[in-house]
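Visitor: Fit chains C and R to the supplied structure of chain Z, relying on the hints for placement.
In case you want the letters, here they are:
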Amino acid sequence: MAQFHRQLFKRPPIAPLDYTRKAWMRLWVGATLLFLYAPLLVLMVFSFNDSKRNAVWKGFTFKYYEKAFANSSLVDAMVNSLTIALFATIVSVVLGALAGVLLWRFRFPFKSAVEGVMSLPIIVPEICLGVAMLIFFAKIDWPTGMPWPLNLSAITIAHITFCFPFVAMVVRSRMASFNREQEEAAKDLGASEWQTFRDILLPHMKPGLIAGALLAFTLSLDDFVITFFTSGPDTVTFPVKVYSMVRFSVTPEVNAASTILILLTIALTALALKVQGVKGIAETH
Amino acid sequence: MALQDWKQHKRPFAAIASGPLLWLFLFFLVPMTIVWLYSFGQNSGPADINITGTLDNYKRATEWLYLSIFGKSLAVAALVTLICLVIGFPVAMAITFAPEKWRPWLLVAIMLPFWTNLLIRTYALMMLMGSNGYANQGLGAMWEGASWLKTMVGLQPLEAWTPVQLLYNNFAVVLGLVYVHLPFMVLPLYSALDRLDKSLIEASLDLGAGHLKTLFTIVVPLAGPGIMAGVMITLIPALGAYLTPDLMGGTDSQMIANVIERQFKRANDWPFGAALSFLLIYAMFILVALQSLRGDRTKTGER
Amino acid sequence: MKEFGNTGNLRLGRRSLLQSLGVAAIGISFGGLAACSKEAAKDAAKTGGTTKIAPTGEEPKLNFYNWDTYIGETTLADFKGAGGADVNMTLFASNDELFAKLRAGNAGYDVIVPSNDFVERMAGADMLIPLDHAQIPNFQNIAPEYQDVAYDPKRKHSMPYTWLTLGIGYRKSKVKAVPDSWKVLFDSDEYKGRIAVLSEAGDMFRLYAKYLGKSVNGLTKDDIKLIEAMMIKQKPNFKAFHEDNGQDLLLKGEVDLVLEYNGDIAQAMAEDDDIGFVLPKEGSQFNSDNLCIPKGAPRPKNAHAFINYLLDAEAGKKITETILYPTPNAAAKALMPDDYKNNPVIFPAAELMAKCEYAKYNPELQPLYEEAFTRVRAS
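Residue numbers (the numbering used here), protein chains in the order written: chain Z, 1 to 285; chain C, 1 to 303; chain R, 1 to 379.
Source of the hints: derived by calculation from the structure; they are not laboratory data. Hints are supplied without guarantee of correctness; some may be wrong.
Claimed, not checked - Straight-line alpha carbon distances no greater than 25 Å define the calculated SDA-like cross-link-like pairs of lysine to any residue that follow: (1) C/Lys7 with Z/Trp142; (2) R/Lys192 with C/Trp64; (3) Z/Lys22 with C/Asp252; (4) C/Lys101 with Z/Lys52; (5) R/Lys235 with C/Ile87; (6) C/Lys72 with R/Thr374; (7) R/Lys233 with C/Trp64; (8) Z/Lys63 with R/Thr374; (9) R/Lys192 with C/Asp252; (10) Z/Lys52 with R/Thr374; (11) R/Lys252 with Z/Tyr37.
Stated by the list, open to error - Calculated Cβ distances over 10 Å to all of chain Z for the following chain R residues: (12) Asn63; (13) Ala334; (14) Lys341.
To be verified - Take a look, some chain Z residues computed to stay more than 10 Å from chain R by CB distance: (15) Ser112; (16) Ile135; (17) Phe197.
Just so it is clear, CB atoms sit at the ideal spot from N, CA and C, and this is done for glycine as well.
So that you can see chain Z by itself, here it is in the shape it has in the complex (with noise of 0.2 Å):
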């Protein structure tokens, strides 16, 4: 194998690291991606499938996205799915990002004890977190049957809890490139606190803030376990009604459903790349 890489290395038209436009490299990465979407390809390809088993291949049909649409149900937990990741992720971003530079920028009794506790939610497993949310908003009679959006709150806040520690890992490493004696010199030229922030400090977050959002809404996005424990009747989103659904067998409908979301993620996330520029979330990392 070696011998092989040092032949294809001696290739002249190509630069020392151009390691993208190795062969072998390309090869890599290539199967890498197959791997991470030949499953999801054969979903898709099987959301045509006029079978109710996802076995074999029994002919063309758009009748699963019929079936997808008219479930209200189905559709109802898309919408409830991606309402509780947008706020999650708002709400994330900032406790995150304040919690970030909370731990980069000073010194404070303590200190060691509070980083340990905002990486607890990280590593709780996922159960024990949701029997404790579950719990939590028993006790403290947390009201049900609230009208749209507001019964989400529960579920809401339960995400919030696991996903702003995430974003102040990331915001925190992205701060640890800053250098400080920029800050100095806004306040030494008259900038308020407030102003610093704004001007100097944000925009060189903002990479950190970004990563962290998309982490927020990601993990948001996908979680079932400590949903299932917080959400009511009224409140079923789309890993927890998918659950449900494909406990039994997974039904060409779920894969149109699941279709749709892929679908949506790529366009907005083309969007997202389109808007915020390429560069943004590249620098990200």
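Guide: Leaving out everything else, chains C and R in the frame of chain Z:
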């Protein structure tokens, strides 16, 4: 990096700290404390728990049965992390050295499957890997081809193709976990490699070191913290995984999270489930603490 | 069996193209959809003209927490059409989930469908409200043997919805003989690697008890030890422990023998002629799913009305046509075609049924089953 003392900046400190700390206290520490207290209790009815301060749950949780499952989970998670690292590192390298305009798209390509529901992804993978799934059909076709080639050169044909058992065993669990956690690994690796000073690599190559040597003597040490972050961010969720072993595993593929889940649901033994959960949390906490200790040491070393 | 398959296909219920196009159009304007559907609901309520009060005097709404594929295709709409409340059905996947979720408090469910042992458990934990039989006149449709049962004397807390029994589902072309004994699953390597059994510890231990000629409720600690050893010995022959989706494994050809409920296999048989079901000769375990009202239900009167409607003969017939489970509703069964009534999978022979028992909720043994099963899996 000079940290500010909170006493000298009380107002900004309060403005920044109050939100996250209050949230963490109210919506995380309080709920978790209830469960923590349950771990010192016992069932007194189908839906009642008496917190008696007993340590029985912990005693039971540290029995060999559960420790061995715990050890097995750790081994599986470590293996998954290692495979993710081996697969993910070249991918992260490729993204790092890709032309600027490709980079975000490659990153998104890695992230995208991640945005599909975990359960659906797992089922999609299972569809592919079933006895009559496409992976097996592909292998079968290759087998037939080989058999045909053999007959062409006048040899005995191979025996009839029997589907390979890809699902419902430990292999399936590892594969499924790698599938789910790969993006977790690639992102931090990429962010570490991206910050790396590329002139160092060029210098090493100019001085006659081979690519592999450069990789192991220059790139890996410099990307160390990123690799560590990737390892942690893959290992921890893999250790807590329960859906993948539940759906894709065979008769002996249970992991510790499955056992915990069963205590909370099927066994209806919340105190014991809580004790197992907190053992897992303590273990992970130690892992994280070790890593941050290491991180501190490298930092001082750099200075 | 052919005709039977037709009944199975009924439940696909194709929707008209026009309607689906309309819905798809709404679907496209995805973002505004939530607002749309809420508005539409409001409009519908307004154009309905009447005030928003159901005949029961409660708001016309009901939260029904049910298993998946466990209701008639049109039952909920029919109920609304008959002047009932607007039923919002959400799904749970196992009794454990149902119990775990409700044990801390009721988030707004009005009607739930626990199995017999969970009726016992939930009633014991004071999680169910006693039913007012005066509001459920259709109780008279229920066959006498289900009107008074040990797990819920005098039907104080529950109404029977379906009953079911565990047996062996198998692929006819892959077995040498009809596997009519638990021995094939539990104590033989004849079908090594082609067997899937339930992942539910309690059910597994109780069925082993049946195989050993004991009562499902008569297990002792020594029995559990013995059975645990038998399971560990048999484990290499199992391919997987499955949740309640054994019929899926069978249909996909992953396994050839599966431990499942008769209703699930009946559904699978409607799709695949090569599948059979047998109730082993040693007898088996009965289960029954029941309609209950959890404590804290916001709309108990609607809940009673809905339960009463589900026990109606015609409504029961429609439900049964879809789910193909044995029904305890004698009036509904009478309306069903002969290929349902005389189907030996759905209604096994009387002498076999006589050997089946209900499992009792046993708080002492349950944790022991779990721990032993964890050991089996870890071995």
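Visitor: Each hint should be assessed against the structure and marked as holding or not.
Guide: Results for each hint:
1. C/Lys7 with Z/Trp142: Roughly 37 Å separates the two Cα atoms, so the pair is violated.
2. R/Lys192 with C/Trp64: 30 Å, violated
3. Z/Lys22 with C/Asp252: 42 Å, violated
4. C/Lys101 with Z/Lys52: 43 Å, violated
5. R/Lys235 with C/Ile87: Not satisfied, since the Cα-Cα distance of roughly 34 Å exceeds 25 Å.
6. C/Lys72 with R/Thr374: Cα-Cα ~14 Å, so holds.
7. R/Lys233 with C/Trp64: 21 Å, holds
8. Z/Lys63 with R/Thr374: 43 Å, violated
9. R/Lys192 with C/Asp252: 16 Å, holds
10. Z/Lys52 with R/Thr374: 34 Å, violated
11. R/Lys252 with Z/Tyr37: Answer holds: R/Lys252 to Z/Tyr37 is near 23 Å, not above 25 Å.
12. Asn63: 4 Å, violated
13. Ala334: 29 Å, holds
14. Lys341: 25 Å, holds
15. Ser112: 34 Å, holds
16. Ile135: The claim is violated: Z/Ile135 sits with its nearest Cβ about 5 Å from chain R, within 10 Å.
17. Phe197: Non-interface label on Z/Phe197 holds, nearest chain R Cβ at 32 Å vs cutoff 10 Å.
Going down the numbered hints, you'll see the structure goes against 1, 2, 3, 4, 5, 8, 10, 12 and 16, while the others check out.
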